[in-house]
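Colleague: Single-letter residue listing:
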Amino acid sequence: MNLSRRSTAAAALAGAAAFALIASGCSSSTETPEAGGDITLTVATFNDFGYTDEMFAQYEAENPGVTIVHNRAATSNDARDNFFTKLGAGSGLADVEAVEVDWFAEMMQYSDRLADLSDPELADRWVQWKTDAATDADGRLVAYGTDIGPEAVCYRSDLFAAAGLPTDRDEVAALLEGDWDRYFEVGEEYVAASGAAWFDSAGATYQGMINQVEFAYEEADGTVIATENPEVEAIYTDVLNASSTLSAHLGQWSDDWFAGLANGAFATMLCPGWMLGVISGNAPDVTGWDVANVFPGGGGNWGGSYLTVPAQGANIEAATKLAAWLTAPEQQMTAFAAAGTFPSQVEAYESAELQAATNEYFNNAPVGQILIDRSNAIGVAPFKSVKYFPINDALQRALTRVDVDASMSIEESWEQFVADVNAL
Amino acid sequence: MTTTDTGRSAPRPETGHPAPATGSAPDTGLSAPLKKKERSVRRIAVSQTLSRWDVKVSPYLYISPFFILFAITGLFPLLYTAWVSVHEWNLIGGQGDFVGFDNFAFVLSNPPFWIALRNTFSIFLISAVPQIALALFIAAVLDRNIRAKTFWRMGVLLPYVVAPVAVTLIFSNMFGDQYGLINNLLGQIGIAPVGWHSDVLASHFAIATMVNFRWTGYTALILLAAMQAIPRDYYEAAMIDGAGMVRQFFSITIPQLRPTLIFVIVTSTIGGLQIFDEPRLYDQTGQGGASSQWMTITIYLYNLGWGQLNFGRAAAVAWLLFLIIIIVGLLNVAITRSIAKAS
Numbered sequence: 001m002n003l004s005r006r007s008t009a010a011a012a013l014a015g016a017a018a019f020a021l022i023a024s025g026c027s028s029s030t031e032t033p034e035a036g037g038d039i040t041l042t043v044a045t046f047n048d049f050g051y052t053d054e055m056f057a058q059y060e061a062e063n064p065g066v067t068i069v070h071n072r073a074a075t076s077n078d079a080r081d082n083f084f085t086k087l088g089a090g091s092g093l094a095d096v097e098a099v100e101v102d103w104f105a106e107m108m109q110y111s112d113r114l115a116d117l118s119d120p121e122l123a124d125r126w127v128q129w130k131t132d133a134a135t136d137a138d139g140r141l142v143a144y145g146t147d148i149g150p151e152a153v154c155y156r157s158d159l160f161a162a163a164g165l166p167t168d169r170d171e172v173a174a175l176l177e178g179d180w181d182r183y184f185e186v187g188e189e190y191v192a193a194s195g196a197a198w199f200d201s202a203g204a205t206y207q208g209m210i211n212q213v214e215f216a217y218e219e220a221d222g223t224v225i226a227t228e229n230p231e232v233e234a235i236y237t238d239v240l241n242a243s244s245t246l247s248a249h250l251g252q253w254s255d256d257w258f259a260g261l262a263n264g265a266f267a268t269m270l271c272p273g274w275m276l277g278v279i280s281g282n283a284p285d286v287t288g289w290d291v292a293n294v295f296p297g298g299g300g301n302w303g304g305s306y307l308t309v310p311a312q313g314a315n316i317e318a319a320t321k322l323a324a325w326l327t328a329p330e331q332q333m334t335a336f337a338a339a340g341t342f343p344s345q346v347e348a349y350e351s352a353e354l355q356a357a358t359n360e361y362f363n364n365a366p367v368g369q370i371l372i373d374r375s376n377a378i379g380v381a382p383f384k385s386v387k388y389f390p391i392n393d394a395l396q397r398a399l400t401r402v403d404v405d406a407s408m409s410i411e412e413s414w415e416q417f418v419a420d421v422n423a424l
Numbered sequence: 001m002t003t004t005d006t007g008r009s010a011p012r013p014e015t016g017h018p019a020p021a022t023g024s025a026p027d028t029g030l031s032a033p034l035k036k037k038e039r040s041v042r043r044i045a046v047s048q049t050l051s052r053w054d055v056k057v058s059p060y061l062y063i064s065p066f067f068i069l070f071a072i073t074g075l076f077p078l079l080y081t082a083w084v085s086v087h088e089w090n091l092i093g094g095q096g097d098f099v100g101f102d103n104f105a106f107v108l109s110n111p112p113f114w115i116a117l118r119n120t121f122s123i124f125l126i127s128a129v130p131q132i133a134l135a136l137f138i139a140a141v142l143d144r145n146i147r148a149k150t151f152w153r154m155g156v157l158l159p160y161v162v163a164p165v166a167v168t169l170i171f172s173n174m175f176g177d178q179y180g181l182i183n184n185l186l187g188q189i190g191i192a193p194v195g196w197h198s199d200v201l202a203s204h205f206a207i208a209t210m211v212n213f214r215w216t217g218y219t220a221l222i223l224l225a226a227m228q229a230i231p232r233d234y235y236e237a238a239m240i241d242g243a244g245m246v247r248q249f250f251s252i253t254i255p256q257l258r259p260t261l262i263f264v265i266v267t268s269t270i271g272g273l274q275i276f277d278e279p280r281l282y283d284q285t286g287q288g289g290a291s292s293q294w295m296t297i298t299i300y301l302y303n304l305g306w307g308q309l310n311f312g313r314a315a316a317v318a319w320l321l322f323l324i325i326i327i328v329g330l331l332n333v334a335i336t337r338s339i340a341k342a343s
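Residue numbers (our numbering), protein chains in the order written: chain U, 1 to 424; chain E, 1 to 343.
Coverage of chain U stretches by chain E, computed from C-beta distances (three or more under 8 Å per stretch; other residues unrestricted): (1) 252–264; (2) 413–424.
Far from chain U by the CB rule (all over 12 Å, computed), these chain E residues: (3) T49; (4) R52; (5) W53; (6) P65; (7) D97; (8) P130; (9) W152; (10) D233; (11) Q248; (12) S251; (13) I254; (14) I265; (15) T269; (16) L321; (17) T336; (18) R337.
Rather than coming from a laboratory, the hints here were simulated on the basis of the structure. Ideal placement from N, C-alpha and C gives every residue a C-beta, glycine not left out.
Given only the sequences and the hints, what does the whole structure look like? Please build it.
Modeller: See below:
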């Protein structure tokens, strides 16, 4: 889950904690087992995993002597900074740490610092590509999958109606069926009719496009090809050309962007499962948002996370048990209901509960079935190695310079991106 | 001196006999009275020694906690950072090969460092200069006989109490490019929206505003305290000589405030060059803007160390920042000294 900086306080906390760590050498949030066998387990997540207090209370009731403390960072970036700092320091991490798929490969380099979670009983719990990515070279499974981010398209049916476009979600799906050019084409129609923007930002749209490329920034052997890969440059250029007329020029996760979610600044946006919760949470009074069972260029996955158990923890066994419980299909279904985090657990797809799940905010859309279909449409699992995160970050900045700041031309910004990547 | 005293008389009976321990009676019989004698002599010597030490060493002992603490929390990290900066050093992997000054060379030869330096100084100047001027003015007003003195003085300090994170969250929202309060207000009076998050100077101005919001009152109170220590006779004499308020301010208040002003300027320089919270929280990514519009040196350091996990380079930046602060600090002192001499 690639998420917002709503409460930046957490960012500051993470930063302060990082400095405190450097200064003091170590600190620990993990309590050692107390006399009566009572233990406190800390769980660190970011944004909204959909883990409710009731879930933790239930676990505490079922496992006497266990107390759970749940810490949430604001964004995936904050969680990453915190995670790597404390992984390096050798102490201070929570007993169960959530990690996001974008910096997962970076973390896998240090898989020996994570507890081995392999368990024959759980081997078939997740979709295969999710498990494969979490298995290191020695065959140790170091992370349990939580959610995946199959993408659909969210749209404002009220704005569609005003612009003379169909509003029914099946008709919208049929309208947008096709490749990215088709998506931009309909966008031009909408912009011509309404004068407003079609999508939120070049950055978010690019994210959907690049996640359909198997080897975007790195070859299978880890060689960085980001700056020479014609596919990347083509997507970059296409999305920016389209953005000049179609984008609302709102940097994703900025204050302006959140305001735009509610005030109708744009009519569509790419919607991974977890984005549904972001929209309904930040534009609670808007009635027009709906979600269509379609995605340009086929299918795509954006984000998704894992739970790990750092080997530095004092209660590895108890933490592993908790992580296994949290990632069980039943708990993931509860999380899905709370935050729209779509399960990576195979069994969940069979459940009538998921198939029948609807979302009242999105005009009672059958989100369960839509996301199952979108999940089945995912054709490519993008290869993300060590440098994926910093390179993608540099490219997002390149897009922002053109789309949001309007401070550089497409070519200038690309050159800057090349320089940034070379400096990594 | 005492050591030579004991050295002269004491060692003989004790060390002069190489093997006294075997319990030979004459030996002990001989040394016991001798020892007694020696002991009484030495007691005076020891107490003298102690009192001498007391005079010489105690002052250092009394202030040693500060220096010990400084060595642990200041000097050690400083030297350790220097050690890190000449190595390849990954945040997680730890120490790598010794690379000499390669990290410094990399940092100095790449544009981001110079952009960061430009931003840091720009934000520092835009914040510090108006801040001290405004603080002087506020302090001068509060120094007058006004009603509800304590109320105004506390009021001035209020923004300082608000957590910087909260200040930044509110301000960066107000400075939103498209839907921010300030651009809305500007629109009302017919001024085109300002790109607070895209334009270099505008972003510096916005960040400087947050800094000033927080620190002006604090600086004003320090200056006010110094102003109240200025003997009132000076003002009376000046008044009798016919000096107006403005003349009094520039000819009495400002010169009398010089030591305090130096203190304020030096501390605000150190703080200003290390500015982190405000630029870090100014937008959603916290990296100082897509084209590094408001990336300060500390943000650059953070991006290198925690973003790219490259501690070697981050440590090099930290040391460069340290040197820059020392240079600027010395410049400050030199300039204020020469002004002091001139007047």
